[in-house]
Amino acid sequence: MPLLDIQDLRIDFGTTRVVDGVSLAIDEGQTLGLVGESGCGKSVTALSIGRLLATPPARHAGGRILLGGQEVLTLSSDGLRSIRGRVVSYIFQEPGASLNPVRRIGAQVLESLRLHAPSRATEAEVVRRLAGVGIPAPDQRARDYPHQLSGGMQQRVMIALALASEPRLLVADEPTTALDATVQAQIMDLLLDVQRRTGMAILLITHNLGLVADVARRVAVMYAGQIVEEAPARHLLSQPVHPYTRALIRSVPEIGVDRERLPALPGQVPVPGRWPAGCRFAPRCPSALASCATSPPGLEPVAPGHRVRCPVRPPAIP
Amino acid sequence: MTLLEIQNLRVHFPVRGLRIGAIPSTVKAVDGVSFTVAAGEAVGLVGESGCGKTTLGRAVVRLVEPTGGRIIFEGRDLTALGPGALRPLRRRFQMVFQDPFHSLDPRMTAGQSIAEALVAHRLAATASARRARVEDLLRDVGLDPEAADRFPHQFSGGQRQRIGIARALAVEPGLIVCDEPVSALDVSVQAQVVNLLQDLQRRRGLAYLFISHDLAVVEHLCQRLLVMYLGRVVESGPAREVCRSPSHPYTRALLSAVPSLRPSTGGERIRLEGDVPSPADPPPGCPFHPRCPVAEARCRTESPELRRTADRREVACHQVASSPQAP
Ligand SMILES: Nc1ncnc2c1ncn2[C@@H]1O[C@H](COP(=O)(O)OP(=O)(O)OP(=O)(O)O)[C@@H](O)[C@H]1O
Ligand SMILES: Nc1ncnc2c1ncn2[C@@H]1O[C@H](COP(=O)(O)OP(=O)(O)OP(=O)(O)O)[C@@H](O)[C@H]1O
Ligand SMILES: [Mg+2]
Ligand SMILES: [Mg+2]
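The listed protein sequences correspond, in order, to chains A and B.
Under the working numbering, the first residue of the first sequence is numbered 1, with each subsequent residue one higher.
Under the working numbering, the first residue of the second sequence is numbered 1001, with each subsequent residue one higher.
Same shape as in the complex, but just chain A:
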């Protein structure tokens, strides 16, 4: 049984659907990469796992979220409290927004330890945790308020907070976007090390396809509220099938490769509520068929463990 099993999840904001039938599963000890267009619903999907979306405006419009076999969407507030932190813990995209601005960072880590590992809630442990995520002079920095730290240091504090509860699932929403490549590699080493030791599963949301290639076993690609392709990471990155995935991979700039311009998709990302009737990608798709404008494609298998929401089968990439 997977640790996390999301089935056909639908989330609305008001009357607008933003997540539209997403299914994802992650086994214990595994990392799933979730990539896709900005605004396609990755964070909303992630937030719904710990029921962190404010309702209203958000509304659960269908589907199930099973976490360790438990249905999250119907949990009582006591039940929710017992899974947050211990079972699922988060690293957010915007560290500034999730650290308490008026409390020293050391006190915030200490509080999280008190909540989840009371026997280890000491000042020395706080300093150790901050050092563990690469904060220089952690004993001094523990006294800083969030605004006194650089963006990347705030992010590392967030990571220390998220790991303090030793969760079974870590939802990492752009965990290393604010970090340079060496610190990013160091943080990913740290997360993978925790994963090896504790069997923690990781849902890694990122725009960095190189990072996905490095650390994720499987990848799911989202577009306009839906999964459009899902496959083992190496396979998806070397043999993408969906035209959106192919476009994404083409857009990645690489060091040492000269290009006059970066290939970008034509047109705009469709806004939720104004998704095209047929395939949502059809208006921007270079290989759209006439039928794509009217009939929405299903997510179909193209190879073992590889599903694609597109009827067109492009030639393999050499």
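Derived by calculation from the structure, the hints in this document are not laboratory data.
In this text the structure is predicted, and so the values were computed from the model without any measurement.
Please note: incorrect hints may appear among the correct ones.
Unchecked claim - Quick look at which bits of chain A chain B covers, simulated, 3 or more residues with Cβ under 8 Å:
no.: 1; stretch: 145 to 154
no.: 2; stretch: 175 to 184
no.: 3; stretch: 243 to 257
To be verified - Over 10 Å on every C-beta distance to chain B, these chain A residues come out as not near it, computed from the model:
no.: 4; residue: PRO2
no.: 5; residue: ALA121
no.: 6; residue: GLU125
no.: 7; residue: GLU166
no.: 8; residue: PRO232
no.: 9; residue: PRO304
What the hints assert, rightly or not - Derived DEER-like restraints, expressed as beta-carbon distance ranges:
no.: 10; chain 1: B; residue 1: PRO1014; chain 2: A; residue 2: ARG120; range: 28 to 34 Å
no.: 11; chain 1: B; residue 1: ARG1090; chain 2: A; residue 2: VAL302; range: 52 to 58 Å
no.: 12; chain 1: B; residue 1: LEU1123; chain 2: A; residue 2: GLY62; range: 42 to 48 Å
no.: 13; chain 1: A; residue 1: PRO314; chain 2: B; residue 2: LEU1063; range: 47 to 53 Å
no.: 14; chain 1: B; residue 1: GLU1065; chain 2: A; residue 2: ARG234; range: 46 to 52 Å
no.: 15; chain 1: B; residue 1: LEU1123; chain 2: A; residue 2: ASP8; range: 55 to 61 Å
no.: 16; chain 1: A; residue 1: ALA54; chain 2: B; residue 2: ASP1105; range: 19 to 25 Å
no.: 17; chain 1: B; residue 1: ARG1262; chain 2: A; residue 2: MET1; range: 34 to 40 Å
no.: 18; chain 1: A; residue 1: GLY69; chain 2: B; residue 2: ASP1105; range: 43 to 49 Å
no.: 19; chain 1: B; residue 1: GLN1112; chain 2: A; residue 2: ALA290; range: 25 to 31 Å
C-beta atoms are modelled at their ideal positions from N, C-alpha and C, and glycine is treated no differently.
Let chain A serve as the given structure and place chain B with the ligands on it in line with the hints.
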């Protein structure tokens, strides 16, 4: 023509220790940085998280008071100007912030945020002209003009970032300090925004100080590159050359850690050992020596100057200065 000249800029912050009675010290966030940006030039700024990039950018647009040094913009020393003299100049340099969540007013729609900049600088005479301009700007950054009527919390992180860029572009600046402007965007939208920045640079002669952790984007967009470590520039030169044949051991480690879609092309990752040093208590000698794979005795005592090693390239490293042909 030189648009911006930074001379020996320093920005220091006071810090306190955890234990009561600990000696207060200073974080030397920016510690003696000098460089120039020509009109229409894109200069990339990369370096370890916490090395002072944002602080340097904020000092340039006068959001943080420098401790020392000079900032000469279009021939005038900004550090010597009072608020009154500075105001009319402000339009000419803009900043796009790293954290799009905190840089937009939550009570204003995206359209109002952008229009506010137009009004403040009297750039659109009528309400309908303003509206049209706002819609153009939104389209320029790859958003639906309908986004104008929505509030910041209704956007994803990447969408908010593009609103920030639209707002900076609205006042037609000569220089934009871009602090991680594309890191919240998916690679396809990133390509759109990078292409847009490139177009604006070519069409309107816009210059950028482009802060980013994405070296591939920097290499693509920027003509020149500065690499910072612990408040100082440790390497600079043409972006392409620095990215393809880095000289400073820190730059080499940084480039080796960039994850690639094509793993076969990259060499071994150079793992930096040891702790990230504190800018409040920088190590003696070369600030990189405790983690440097090629450090020698001299590096522990003597701080290397930024020295010319090849045409248009400068490196602060004892090892490199003695062998400019290092790989
Ligand atoms: N509180 C809200 N009210 C209305 N719409 C919202 C709200 N929060 C998010 N949305 C919309 O839901 C959609 C999905 O947002 P989400 O934050 O999940 O995107 P994302 O895939 O994480 O994007 P990014 O990569 O930019 O972070 C977006 O179009 C966004 O505008
Ligand atoms: N207001 C402040 N008070 C005290 N220290 C500060 C303040 N602002 C920044 N610093 C410190 O100055 C140093 C440089 O921070 P800065 O934000 O410039 O780094 P950065 O290079 O932009 O990092 P990142 O890549 O993580 O964004 C850090 O050690 C930071 O903690
Ligand atoms: Mg998001
Ligand atoms: Mg910064």
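Least C-beta distance from A:PRO304 to chain B larger than 10 Å: 23 Å, holds
Hint check for B:LEU1063 and A:PRO314 - Cβ pair distance inside 47 to 53 Å: Given a distance of about 48 Å, which is inside 47 to 53 Å, the answer is holds.
Chain B versus A:GLU125 - minimum CB to CB distance exceeding 10 Å, so not interface: 13 Å, holds
Assertion that chain B covers the stretch 175 to 184 of chain A - criterion: three or more residues, beta-carbon distance below 8 Å: With 8 residues close enough to chain B, the hint holds.
A:PRO2 and chain B, when compared Cβ to Cβ, separated by more than 10 Å: Consistent with the label, A:PRO2 stays out of reach of chain B, its closest Cβ about 26 Å off (over 10 Å).
Proximity test - 8 Å, beta-carbon atoms, the stretch 145 to 154 of chain A to chain B, at least three hits: holds (count 6)
Hint check for A:ARG234 and B:GLU1065 - Cβ pair distance inside 46 to 52 Å: 50 Å, holds
Assertion that A:PRO232 lies farther than 10 Å from chain B (Cβ): 15 Å, holds
Status of the given 55 to 61 Å range, CB of A:ASP8 versus CB of B:LEU1123: 49 Å, violated
Assessment of proposed distance window 28 to 34 Å (beta carbons of B:PRO1014, A:ARG120): 32 Å, holds
Whether A:ALA121 stays farther than 10 Å from all C-beta atoms of chain B, as the label says: The claim stands: A:ALA121 keeps its Cβ more than 10 Å from every Cβ of chain B (closest is about 16 Å).
B:ARG1262 paired with A:MET1, Cβ distance criterion 34 to 40 Å: 36 Å, holds
Hints 15, 19 from the earlier list are contradicted by this structure; the remaining hints agree with it.
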